[in-house]
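Asker: The chain contents come next:
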Amino acid sequence: MKATELYHGESHQWIVLGRDPEKPEKIIDTNQYLIKSAEEAIILDPGGIELFSPMLAGILHHVTIDHITTLFASHQDPDIISSLGLWDKTVPNAKLYAPWLWEGFIRHFGMENIQYMPIKDEGGEIRLGHATLKFIPAHYLHSSGNFNVYDPQAKILMSGDIGAALEHGDVPLYVDNFAEHIKYMEYFHKRWMPSNRAKNNWVARVKELEIDMMAPQHGRILKGEMVAEFLEWFAKLDVGIA
Amino acid sequence: MISADQATMAIHNFVRVANIITNLDMILNQAKNLSLTAKNARVVALRAGDVAFGFKPITNFIDEFSTQTIKTTAEISQLSNQLFSLALAVVRCADLQFQLTKANDIANHACISQLQQQSYADLKQKTRALEQAIFSLESYFEDIQKQMRSAEYIAVTSRVEASNAGEFSHSLESVSDFITDSARKIKAAVNENLQEICALRGGLR
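Top to bottom, those sequences are chains A and B.
The first sequence lines up with residues 1 to 242 when you count with UniProt numbering.
The second sequence lines up with residues 1 to 205 when you count with UniProt numbering.
Only chain A is shown next, with the shape it has when bound in the complex (with noise of 0.2 Å):
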């Protein structure tokens, strides 16, 4: 698994880890995040439990396992979080993030030592050493109980499923041209995405972050304006159609 530092801080890196050459053909390429501080680290959107061996393999080039205390799922698909079994004997001490709507879901998932801790609807933050990530609602798009993670200090928006793409073979990690880079967006964005005036009510929050990343699940990072693009794309598009 390849594993991409995107941010370096004082207090903290962001490390992006996907793109598995062993991964089964079948199963969507994902971007795991492993952000670390030097008390502690988190992964945000685990991934399922066909990729558990290469991210636990990948994670421990970066930090050790004790220091893994939290791991993050944006919602309860089996690409997000269907490791999380394997993670509960990993990081038993460790505690999940995950948005409250899911907890009876996530738990079919195997979960007898990992604590369980509910976002609620309206998001919340948490501390990472020096670093506070915020938990963004983005419900609707597509999970009907749906977080992002923001960064303000990195400025990286973890934005799950919203900005994702579908891509075959070995895909470049970030974007560089927008226009061209739509036709791998278009049909997962309308396809997936269920809501309309959700999608509209989160394009109008997430304009007023700063953002210079945003790190989808699925595909390519988005960069500098890019960003800006994205949200005026998306914005625009209508969402909700089979």
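A portion of the hints provided could be inaccurate.
FRET-style restraints, in silico, Cβ to Cβ [as the list claims (entries may be wrong)]:
id, chain 1, residue 1, chain 2, residue 2, range
1, A, Glu112, B, Tyr120, 14 to 22 Å
2, B, Thr8, A, Trp100, 30 to 38 Å
3, A, Asp212, B, Phe84, 46 to 54 Å
4, A, Gly169, B, Phe84, 38 to 46 Å
5, B, Asn19, A, Pro78, 25 to 33 Å
6, A, Glu5, B, His12, 41 to 49 Å
Facing chain B, according to a computed beta carbon distance under 10 Å, are these residues of chain A, among others [to be verified]:
id, residue
7, Glu22
8, Ile49
9, Phe52
10, Ser53
11, Pro54
12, Met55
13, Ala57
14, Asp66
15, Asp88
16, Lys89
17, Gly110
18, Glu112
Keep in mind that the hints were calculated from the coordinates and are not lab data.
Since the structure is predicted, the reported quantities are computational estimates derived from the model, not experimental observations.
Here a beta-carbon is modelled for each residue, glycine too, at the ideal position from N, C-alpha and C.
Place chain B on chain A using the hints.
Answerer: Same frame as chain A, but now just chain B:
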């Protein structure tokens, strides 16, 4: 450390536990029917009066062993829930072991080796607990086997008594037939479960 085959074996064991529990439902239903039959037979025997004099103590026996079978089955049922949890825990531990072996192949890291050791110890502990539960389960099934042997004996005796019950013979003979049939079904289910237990034992070694 365990292989993919051993992880698959853990899943097979889980399926065997599921089979045992399915058979338990059948045993419990048959035992409940036996108990009901004993109560009905007692009423018929009372109505028959002196001609069915020998049948009355038999109905008490039927009621006694069916009640005992229901009690044993209820105890087994409780144990089976524990067995399911333990079998699931073994599957999860085996799965983790398998995943850690894969992780170790990707990155030979001291931390992964340590996790493998911890998880192997956990797997061994869970497997031992499962073996213990299986041992208890086996003795319960052996008890039911004994009860069903008595049931078959009573069925033969009751048939003799039923034949002397005049106009009530037909009703009481059908009670004997029912006991024979239920005992046969319960014995078959218990035998199947004992075979599953035997295979489970082999799978855990």
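Asker: All the hints need checking, so say for each whether the structure fits it.
Answerer: To see whether the hints hold, each was checked on the structure:
1. Glu112/A <-> Tyr120/B: 14 to 22 Å: Holds, since Glu112/A and Tyr120/B (Cβ atoms, about 18 Å apart) stay within the stated range.
2. Thr8/B <-> Trp100/A: 30 to 38 Å: holds, 37 Å
3. Asp212/A <-> Phe84/B: 46 to 54 Å: At roughly 50 Å between Cβ atoms, Phe84/B and Asp212/A fall inside 46 to 54 Å, so the hint holds.
4. Gly169/A <-> Phe84/B: 38 to 46 Å: Hint holds: Cβ distance 44 Å, inside 38 to 46 Å.
5. Asn19/B <-> Pro78/A: 25 to 33 Å: holds, 28 Å
6. Glu5/A <-> His12/B: 41 to 49 Å: Since the Cβ atoms of Glu5/A and His12/B sit about 44 Å apart, the hinted range of 41 to 49 Å holds.
7. Glu22: At about 8 Å, which falls below the 10 Å cut-off, the nearest Cβ of chain B leaves the hint on Glu22/A intact, so it holds.
8. Ile49: It holds, given that the least Cβ distance between Ile49/A and chain B is near 8 Å, below 10 Å.
9. Phe52: holds, 5 Å
10. Ser53: Since the shortest Cβ distance to chain B is 4 Å, the answer is holds.
11. Pro54: Since chain B brings a Cβ to about 6 Å from Pro54/A, closer than 10 Å, the hint holds.
12. Met55: holds, 8 Å
13. Ala57: With Cβ-Cβ at 4 Å, under 10 Å, it holds.
14. Asp66: holds, 9 Å
15. Asp88: holds, 8 Å
16. Lys89: Where the cut-off is 10 Å and the nearest Cβ of chain B is about 5 Å from Lys89/A, the hint holds.
17. Gly110: holds, 6 Å
18. Glu112: Holds: closest Cβ of chain B sits about 9 Å from Glu112/A, inside 10 Å.
Violated hints are absent here; each numbered hint is respected by the structure.
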